[in-house]
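K.L.:
Based on the provided sequences and hints, a complete structural model is requested.
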Amino acid sequence: MGHLSRWAIGITCFLLTLSGLVLAAAWLIPLPARLAEQPSTLVEFRDGSPAHLFLAPDDRFRLRARLEEIDPAYIAALLALEDRRFWRHAGIDPLAIARALRSNLARGRRVSGASTITMQLARVLEQRPRTWRSKAIEAFRAVQLELRMQKRESLAAYLTFAPYGRNIEGVEAASLAYFGHRANHLSGAEIATLLAV
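The numbering of the sequence shown is our numbering, which starts it at 4 and goes up by one.
I should point out that these hints are in silico values taken from the structure, not numbers from a laboratory.
Just so we're clear, the structure is a prediction, and the values are computed from it rather than from any experiment.
Glycine included, every Cβ here is placed at the ideal spot set by N, Cα and C.
Accuracy of the hints is not assured; some may be wrong.
Pair ranges (Cβ atoms, derived) [what the hints assert, rightly or not]:
(1) D61 to G191: 26 to 34 Å
(2) L84 to L150: 19 to 27 Å
(3) R169 to L34: 22 to 30 Å
(4) I14 to Q41: 41 to 49 Å
(5) A54 to L150: 35 to 43 Å
(6) W10 to E72: 49 to 57 Å
(7) T20 to H188: 49 to 57 Å
(8) A195 to G13: 46 to 54 Å
(9) H188 to I12: 53 to 61 Å
(10) A76 to R169: 24 to 32 Å
(11) H188 to S137: 31 to 39 Å
(12) L84 to R169: 20 to 28 Å
P.N.:
As structure tokens, this is what we get:
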């Protein structure tokens, strides 16, 4: 067996061992505690329209998002803007990483990111300074979330915890705060506003 073959076998064994350690850690380390945070209480009129939204115990306005109750046009626009391959990657998107790396190297500065929706969820759940170490932790957390939650669950968690200004979290609370109605029917202008926030 040649020197090159031994080297290739060694690298392969190392990568398999590393992958096994990451998978084991993903199952052994608890998910971020914020996933269990209680939502706000919404009081509704008899006809189902919102009357008043109370603060959650952590002093934020947040309603649990259910995908079937969110305007599909908003979800489609969000994924087109933030993470086109959301349904196909495992928490990190190697194609987006390669594209961002190429763009950033070509321009000599950071002009593009590669964070997936799941990585953004990890960042929202556990706030850290913006460093390379934090990015590595977010990538691990994203893989962990993808392994332990279904895609629809992780997207719903993102739509529940994503910040929308001040102490408003999640698309449902944001829709109530900015437009006075739930996020099940949003106009094009409302969708654009929520994406911009």
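K.L.:
Now look at each hint and say whether the structure bears it out.
P.N.:
Evaluation of the provided hints:
no. : hint                     : result
1   : D61 to G191: 26 to 34 Å  : 33 Å, holds
2   : L84 to L150: 19 to 27 Å  : 25 Å, holds
3   : R169 to L34: 22 to 30 Å  : 26 Å, holds
4   : I14 to Q41: 41 to 49 Å   : 47 Å, holds
5   : A54 to L150: 35 to 43 Å  : 40 Å, holds
6   : W10 to E72: 49 to 57 Å   : 54 Å, holds
7   : T20 to H188: 49 to 57 Å  : 51 Å, holds
8   : A195 to G13: 46 to 54 Å  : 52 Å, holds
9   : H188 to I12: 53 to 61 Å  : 58 Å, holds
10  : A76 to R169: 24 to 32 Å  : 25 Å, holds
11  : H188 to S137: 31 to 39 Å : 37 Å, holds
12  : L84 to R169: 20 to 28 Å  : 22 Å, holds
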